[in-house]
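Student: Chain by chain, the residues run as shown.
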Amino acid sequence: MDSYIITIGIFIAINSIVVSGLNIIVGYAGQISLGHAAFFGIGAYTAAILATKAGLSFWLSLPVVIVITGTIGLLMGLPSLRVREDFLAITTIGINFIVEAFFMYVPFFGGALGIGGIPRIEFFGTPLHGFAFLVLCLVFLVIALFISWWFTKAWCGLACFTLRDDEVAASTIGVSPVKFKLLAFVIGTAMAGIGGALYAHYMRFISASDFGFPVSVMMLSMLVVGGMGTVWGPILGAAILGILPEVFRPLIDYRMLLYATLLLLVIRLQPGGILGDNGFVKSRLKAFSRGGKNEK
Amino acid sequence: MDLFIEQLMNGLAIGAIYALITSGLSLIYGILRILHVAHAGIYTIGAYVGLGVYSMTGNLLFAILASMAVCSILGILVERIVYSPLLKFPPYVPLIASIALLLGIEEVMRLIAGPQIHGFPVSLPLATIRVGNISLSSALVMVYIVSIVIFFVLWIITSKTDLGLAMRAVSQDMSIASAMGINSRQIVSLTFAIGSSIAAIAGILVGIYFNQVYPTMGAVPAYKTLALIVVGGLGSVPGAILASLLLGIAETLLIGYANIPFPRDALAFVAMILVLMIRPEGLLGNIKKKI
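Protein chains in written order, with this note's numbering: chain A, 1 to 296; chain B, 1001 to 1291.
A few of these clues could be false.
Stated by the list, open to error - With a straight-line cut-off of 25 Å between C-alpha atoms, the simulated SDA-like cross-links for lysine to any residue are:
no.	chain 1	residue 1	chain 2	residue 2
1	A	Lys179	B	Met1277
2	B	Lys1088	A	Asp166
3	A	Lys53	A	Asp166
4	B	Lys1088	A	Thr162
5	A	Lys153	A	Lys53
Just so you know, the hints here were simulated from the structure itself, not pulled from any lab data.
Values in this document were obtained by computation on a predicted structure and should not be read as measured data.
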């Protein structure tokens, strides 16, 4: 396969993993987050530092990455217990700017120069690159999808849905907002951390600006475009917003304008996302499922 | 000591410019509960229109008026076309639309005027003020005069006129205000027009003060002003102005005196998170139940 297509595929797969994590926080638990790139970055920096300074392999550092991003996600989820909606959106924007500044200004994290020389992931002694790396990303994507799917069926997922729809009602029937909001933050940010670790080992060079606020906006856009609260939405969104800039590559000067225009059009015309409840996919499919089970 | 006072005056000017952007944003948040990130895009357009008209006519007052007119129309259009159909959705939907709009505006300005930094060469009819060893440049004096005039006019409009009364009524409850015979849609449009024309003035002032107009000049203010309206108390215009002035001074003094490698643009967010944890209603806010 063409290495250009493989590269695009790897980015789409990594973004899908990270956006699936965001989906658990925003789509399932209803806690708006515009700082998801910060956790993507924390995962990437943790993996990079463990690999370059401690010499740990990807497989050994992965549990550490998951624990660290999950723990920081737990801490960053604390504001969501105190503020909501608009306030939470602005707070998470703030967290993203602060984390980016932290990576940029603390010499331990390489400062403005970033971290380079991150080794490739080895699998029984063979370094993975190209197609093999894509397969690895897809394996992680399947795991992420499975967690997303399991979440919609499991009790903790149902509790999160109740919280999203009505927090007061949920707490009167014994669903603890503290417990399940934090659970969603921990799982969602840990998935971002895994995506970050894959990204660091693929790019082999990372710097603070890779995890800035615009990246968070792009991730939330992917989620909204694909369909919030759906299992497949994150992949569709990551694929659409990952492929579009490549399709527009001949129009190099107008690329960002087209991207912004399309994002605006989708959010204006399909605010629930393409796979969302009122999206055009569902309304088209309804024509074929006459009298069938009305899936929500 | 002289240097300290000069730094303080510079900080105050930067704070006043933040306050001009933030007051419009705060008005709009108060009335529609929308985080209007694209406000910074309107501000960028304001700077470009002002620069364009000024370089064509050479008349600064005319440039300011033209820029205010263009920006108010754009503000009304943004509200009518983008926001009003999205109001019934969760708040992140208009927020993302707004971010996309800001990106789009930046790109349009880049394609029209080019990515380079334009200067804003203005000869102001104001003298440089000297007191002892302290000198205040004419651009600085202009920032002070213009912002004091605008804040005074804004105060008159919001607290002494029928329009202000109607704006406050709509911001408390739009449907009841409509039932009382207020044309809510018109008030919302007027609020966008007022906020956007203040943003246009802010854009021109920034252009003159730093002698720079460029496509992404709105990128940093876009999010910093969100932090400022939280610190001031969401929907409280005096609080937003106070928070902006404090931030302008704090940023300037931090750069001038503290030798810690701390990015100035993150200061607003650190302040915001502290305020949210200690006093969630903001410095002068009174929206308690929304938090």
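Student: Now tell me if each hint is right for this structure.
Tutor: Taking the hints in turn, this is what the structure says about them:
| no. | hint | in the structure |
| --- | --- | --- |
| 1 | A:Lys179 / B:Met1277 | 20 Å, holds |
| 2 | B:Lys1088 / A:Asp166 | 16 Å, holds |
| 3 | A:Lys53 / A:Asp166 | 47 Å, violated |
| 4 | B:Lys1088 / A:Thr162 | 20 Å, holds |
| 5 | A:Lys153 / A:Lys53 | 41 Å, violated |
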